[in-house]
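Protein chains: 2
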Amino acid sequence: MPPEQIEREIVIDKIKNVFRRWGFDPIETPTFEFYSTLAGKYGEEEKLIYRFQDYGERDLGLRYDLTVPLARFFSDYQNEIVKPFKRYQIQTVFRAEKPQKGRYREFYQCDIDIVGSKSLLADATIILTIDSALKEVGLVNAKFKVNDRRILKSLAKSWGIENREIEIARTIDKLEKIGTSGVREQLVKMNFDEGIVNAVIDIISNKPNLVQLGEILKDDVFKYARDELLIILEYLEKFGVNVEFDVSLARGLDYYTGMIFEVKPMGVEIGSIAGGGRYDNLIEAPKGCKIPAVGGSIGIDRLLIALKEFTPTNRRKTWANIIIALADYDKETTIYGLEIARKLQELGYNVDVYSGDKNLKEQLKYANNKGVEIAVVIGKSELESRKLTVKFLEQRYQIEIVESEIEAIFKPKEKRDVGNF
Amino acid sequence: MPPEQIEREIVIDKIKNVFRRWGFDPIETPTFEFYSTLAGKYGEEEKLIYRFQDYGERDLGLRYDLTVPLARFFSDYQNEIVKPFKRYQIQTVFRAEKPQKGRYREFYQCDIDIVGSKSLLADATIILTIDSALKEVGLVNAKFKVNDRRILKSLAKSWGIENREIEIARTIDKLEKIGTSGVREQLVKMNFDEGIVNAVIDIISNKPNLVQLGEILKDDVFKYARDELLIILEYLEKFGVNVEFDVSLARGLDYYTGMIFEVKPMGVEIGSIAGGGRYDNLIEAPKGCKIPAVGGSIGIDRLLIALKEFTPTNRRKTWANIIIALADYDKETTIYGLEIARKLQELGYNVDVYSGDKNLKEQLKYANNKGVEIAVVIGKSELESRKLTVKFLEQRYQIEIVESEIEAIFKPKEKRDVGNF
Numbered sequence: 001m002p003p004e005q006i007e008r009e010i011v012i013d014k015i016k017n018v019f020r021r022w023g024f025d026p027i028e029t030p031t032f033e034f035y036s037t038l039a040g041k042y043g044e045e046e047k048l049i050y051r052f053q054d055y056g057e058r059d060l061g062l063r064y065d066l067t068v069p070l071a072r073f074f075s076d077y078q079n080e081i082v083k084p085f086k087r088y089q090i091q092t093v094f095r096a097e098k099p100q101k102g103r104y105r106e107f108y109q110c111d112i113d114i115v116g117s118k119s120l121l122a123d124a125t126i127i128l129t130i131d132s133a134l135k136e137v138g139l140v141n142a143k144f145k146v147n148d149r150r151i152l153k154s155l156a157k158s159w160g161i162e163n164r165e166i167e168i169a170r171t172i173d174k175l176e177k178i179g180t181s182g183v184r185e186q187l188v189k190m191n192f193d194e195g196i197v198n199a200v201i202d203i204i205s206n207k208p209n210l211v212q213l214g215e216i217l218k219d220d221v222f223k224y225a226r227d228e229l230l231i232i233l234e235y236l237e238k239f240g241v242n243v244e245f246d247v248s249l250a251r252g253l254d255y256y257t258g259m260i261f262e263v264k265p266m267g268v269e270i271g272s273i274a275g276g277g278r279y280d281n282l283i284e285a286p287k288g289c290k291i292p293a294v295g296g297s298i299g300i301d302r303l304l305i306a307l308k309e310f311t312p313t314n315r316r317k318t319w320a321n322i323i324i325a326l327a328d329y330d331k332e333t334t335i336y337g338l339e340i341a342r343k344l345q346e347l348g349y350n351v352d353v354y355s356g357d358k359n360l361k362e363q364l365k366y367a368n369n370k371g372v373e374i375a376v377v378i379g380k381s382e383l384e385s386r387k388l389t390v391k392f393l394e395q396r397y398q399i400e401i402v403e404s405e406i407e408a409i410f411k412p413k414e415k416r417d418v419g420n421f
Numbered sequence: 001m002p003p004e005q006i007e008r009e010i011v012i013d014k015i016k017n018v019f020r021r022w023g024f025d026p027i028e029t030p031t032f033e034f035y036s037t038l039a040g041k042y043g044e045e046e047k048l049i050y051r052f053q054d055y056g057e058r059d060l061g062l063r064y065d066l067t068v069p070l071a072r073f074f075s076d077y078q079n080e081i082v083k084p085f086k087r088y089q090i091q092t093v094f095r096a097e098k099p100q101k102g103r104y105r106e107f108y109q110c111d112i113d114i115v116g117s118k119s120l121l122a123d124a125t126i127i128l129t130i131d132s133a134l135k136e137v138g139l140v141n142a143k144f145k146v147n148d149r150r151i152l153k154s155l156a157k158s159w160g161i162e163n164r165e166i167e168i169a170r171t172i173d174k175l176e177k178i179g180t181s182g183v184r185e186q187l188v189k190m191n192f193d194e195g196i197v198n199a200v201i202d203i204i205s206n207k208p209n210l211v212q213l214g215e216i217l218k219d220d221v222f223k224y225a226r227d228e229l230l231i232i233l234e235y236l237e238k239f240g241v242n243v244e245f246d247v248s249l250a251r252g253l254d255y256y257t258g259m260i261f262e263v264k265p266m267g268v269e270i271g272s273i274a275g276g277g278r279y280d281n282l283i284e285a286p287k288g289c290k291i292p293a294v295g296g297s298i299g300i301d302r303l304l305i306a307l308k309e310f311t312p313t314n315r316r317k318t319w320a321n322i323i324i325a326l327a328d329y330d331k332e333t334t335i336y337g338l339e340i341a342r343k344l345q346e347l348g349y350n351v352d353v354y355s356g357d358k359n360l361k362e363q364l365k366y367a368n369n370k371g372v373e374i375a376v377v378i379g380k381s382e383l384e385s386r387k388l389t390v391k392f393l394e395q396r397y398q399i400e401i402v403e404s405e406i407e408a409i410f411k412p413k414e415k416r417d418v419g420n421f
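Going down the list, the sequences are from chains A and B. When we follow this note's numbering, the leftmost residue of the first sequence carries the number 1, and every step to the right adds one. When we follow this note's numbering, the leftmost residue of the second sequence carries the number 1, and every step to the right adds one.
Read the hints as simulated data drawn from the structure, not as lab findings. These numbers come from a predicted model, not from an experiment. Warning: the hint list may mix true and false statements.
One copy or any two copies: either way a pair holds, since identical chains are not told apart in the list.
[Stated by the list, open to error] Distance condition first, Cα-Cα at most 27 Å in a straight line; then the derived DSSO-like pairs of lysine-lysine: (1) K207 x K413; (2) K387 x K365; (3) K358 x K290; (4) K411 x K101; (5) K118 x K290; (6) K189 x K361; (7) K413 x K135.
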């Protein structure tokens, strides 16, 4: 069995538990949306939506991300939803394109959002929750960068290109991929004046901090954004988030309106594994008024790659903690094996009673191939004496115990252990 | 928020934990399969497969069940898979039809299977696991019925219609829906002789037990099936499964070859909520040899309906156990609120720090609307004295405690509590 399956489940389980611990609740949305719900939401990426007519002749599209479905869900259930609405959603999304390394046609997204609040605490909650989730799965070296789209707006204004900050943002967003020279080239192609191109390159190369920016930018938009960002940063630092302001952080999506963030694991050459920000203009109430929202997303596939870099060996291949191996297949021995399994299950262990027809040697190989370290061997002789043979496969030793000693050997486990990498 | 979402998640979480406890491991398969993989597998239902060409001009179909994908997965990863292969799979499947009450275009299936074993212990493991899962979610009155396709085969042979037992099975399977007279009508339409129709009706009305059947059926097929069924029944009864043999249980699907079972909750008018059986001819190894398999499936939607019948009130609407309400919104109070939240989270509670901008009264309403019974109120005065006000909303009383008393009031919880209905 491809080990990725269980590793992904372990990681998703842990992340889900952290989301719950921070007060988020689950929603799931259907694989299909009406195409009209998706249309006009993804810019030039719209061509990657899987679109087709179903037999009822409805014009449908497959779930492309989790944000547009959230917006649709929020308007559909507006009256039932308690606001602010804190939801998590972990589902696959679809891209109609040729798969490449690390990019699939169907892949998981893992989102949290708070809809219906402008509070800075909402912004902070998103980042604190994602930080907790990454720590929970064992990614201890995550580095957060934050910025605010309004700062880019203020910069654009200072350069006299007031309505083009989205274009600048989209281009800067590619910095990592195409480098400073690539950004310069693209900006030139987009017909920005040489002075503006130089100014942009200067900013993303020198990365002025908020104090230095304050010397250049004197408008209220900047001041407001800066003051808010400082409070958010204070919340985050107070709770141990490794975070810094980075003016070159832009995020590619058009819809952000305020704070934006991205997360990378330090010491691994990989793109961002999480990101998000505030988007106050995307979600509309039926009467047309805008609902403020802030959210973030963890990229499960990249996260799994990063985790593998840190712990390349000893990867878990099964949930099972113990294999019950049957030295004899008669009815009574089998029942005894099931009884022992039940006892161990009640102590919180995941117990795989071998259900094939191979001999004991092959059963121990089965345990070994699954990566299970403990095999409890049960045969007629064990049944007669109500004993069991416990084999510690890696250490290559075994002990014989009587039934009543089970609890002494197998300490009760937290029942819903979601496992370790 | 529609409460079904969280209830479904709670139920699925619990079921998954039981599957793990019994030694099953997860797989997920893509939403799309090649249409050729699905074709010819679902009999007359094939027209309900969502089929379409994607942009790469591949002929695709949406996941229609979890058994055919399992078979495909097993052949693809045959060499990596440790056998017997015990897998669980919980994903949605699709039907291209008009939705009706309790029947959707997209819905969850929840399957376990053991592939690569003919052992009766495998059959018993499937049923024991499903029984544990149903008990775990609180369905304590589940009634299991078992039969064996070979007994129907033997009956058909005794009636002189040796190769038509599938037609009989498909018709008997509708018994509950169309009644005895409906079964009679359909059998007549299918051109069975009157004598055979009468014999079938006689069997499904009088429901002879295994001893009584033994008086009619003298062939080895019956004897073999009966002896195996008796052993399986002994395993099940030994471990507290409420189970009985029922010769009128047929199951609609063609592919079963041995033991079959179905589960209904007693005292609720609802169809079966779980079922399955042995199918030794469906899965093929590349060289064409057949791989024996046995499996079962829990119908999550019906299970949720049944659970609702038993506990119609007090349905859980959120994972949150505690709301932190902020009486003041200044930075210091907010940080104090987050500190208290973290302490409670570390004790295992799911804590929702209110992140909107409404006043305290509205925040308590928010807690109430979410169905959270405990609100911890934090304001400037609490911050100054490092105290907190704990409100028990339902009981309408509150206490003021100092920070160090938190653990005395909020007992540490098992961290990954998956909640109760």
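**Q.** Violated constraints from the hint list, given by number and in increasing order
**A.** 1, 4, 6
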